[in-house]
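Kindly generate the complete structure, drawing on both the sequences and the hints.
Going line by line, the protein sequences match chains P and F.
The numbering used here numbers the first residue of the first sequence as 860 and each following residue consecutively.
The numbering used here numbers the first residue of the second sequence as 162 and each following residue consecutively.
To be clear, the hints were calculated from the coordinates, so they are not data collected in a lab.
Note that the structure is predicted; figures quoted are calculated from it, not measured.
Hints may contain errors.
When the alpha-carbon atoms are kept at most 27 Å apart in a straight line, the in silico DSSO-like pairs for lysine-lysine are as follows [as the list claims (entries may be wrong)]:
{"no.": "1", "chain 1": "F", "residue 1": "LYS175", "chain 2": "F", "residue 2": "LYS225"}
{"no.": "2", "chain 1": "P", "residue 1": "LYS929", "chain 2": "F", "residue 2": "LYS202"}
{"no.": "3", "chain 1": "F", "residue 1": "LYS202", "chain 2": "P", "residue 2": "LYS967"}
{"no.": "4", "chain 1": "F", "residue 1": "LYS202", "chain 2": "P", "residue 2": "LYS971"}
Residue-level listing of the chains:
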Amino acid sequence: TQLLEQSPQFLSIQEGENLTVYCNSSSVFSSLQWYRQEPGEGPVLLVTVVTGGEVKKLKRLTFQFGDARKDSSLHITAAQPGDTGLYLCAGSSAGDSNYQLIWGAGTKLIIKP
Amino acid sequence: GAVVSQHPSRVICKSGTSVKIECRSLDFQATTMFWYRQFPKQSLMLMATSNEGSKATYEQGVEKDKFLINHASLTLSTLTVTSAHPEDSSFYICSARPFGTAQETQYFGPGTRLLVL
Chain P
860 TQLLEQSPQF LSIQEGENLT VYCNSSSVFS SLQWYRQEPG EGPVLLVTVV
910 TGGEVKKLKR LTFQFGDARK DSSLHITAAQ PGDTGLYLCA GSSAGDSNYQ
960 LIWGAGTKLI IKP
Chain F
162 GAVVSQHPSR VICKSGTSVK IECRSLDFQA TTMFWYRQFP KQSLMLMATS
212 NEGSKATYEQ GVEKDKFLIN HASLTLSTLT VTSAHPEDSS FYICSARPFG
262 TAQETQYFGP GTRLLVL
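Below you can see the structure in the form of structure tokens.
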């Protein structure tokens with residue numbers, strides 16, 4: 860059974876600080892996706908990483924896929940209150956014909972003004 | 162971008178009644194649709210995977226006779242919670258995987274909040 864361990868599960872920091880969220884697994888994924896979810900809404904895709912060692916930037920957000928495609932990180936620089944939300948990582952395995960996603964437990968992020 | 166809608170967004174029903182939730186891909190055809198359940202402050206839990214024209218594949222522990230899934234077309238899937246009970250109260254989210262694009266991509270609906278009294 861594939862598992863994706865996401866940490867931390869909860870993070871509350873002041874505006875302007877930096878933070879990193881991690882997703883780790885013992886399994887190899889063909890791709891890994893990061894989502895952000897607001898209360899009462901569905902997840903919104905932020906980025907998909909597919910190549911080992913890949914780094915993608917989305918404004919103040921930097922996403923990295925591990926060289927072995929077993930782990931990923933999300934780094935936020937100078938966090939703002941608008942970054943508050945639930946961040947979810949999800950991995951996809953090429954061995955699954957339906958490409959089901961394996962989900963991390965989520966990181967509840969609160970940025971205090 | 163790809164848009165997925167869900168209807169209704171919120172429903173309150175009495176115990177014992179059935180509730181149908183619709184999931185539509187508005188601007189693309191979906192090869193596969195997924196149904197998730199999410200408890201407060203938790204991650205998504207996959208309930209079932211449905212491919213158009215075939216029976217849904219349910220995850221372990223999900224009762225197929227209680228959660229009926231119909232994927233009648235490439236743009237519509239429905240989830241019917243039969244004989245709902247208070248423990249079925251939850252946030253239900255669908256997602257759709259577009260036909261002919263990057264295999265891993267799923268687009269999510271806005272979710273349906275179900276409250277069973």
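Hint check results:
| no. | hint | verdict |
| --- | --- | --- |
| 1 | LYS175/F with LYS225/F | holds (21 Å) |
| 2 | LYS929/P with LYS202/F | holds (25 Å) |
| 3 | LYS202/F with LYS967/P | holds (8 Å) |
| 4 | LYS202/F with LYS971/P | holds (19 Å) |
Hint compliance for this structure: no hint is broken.
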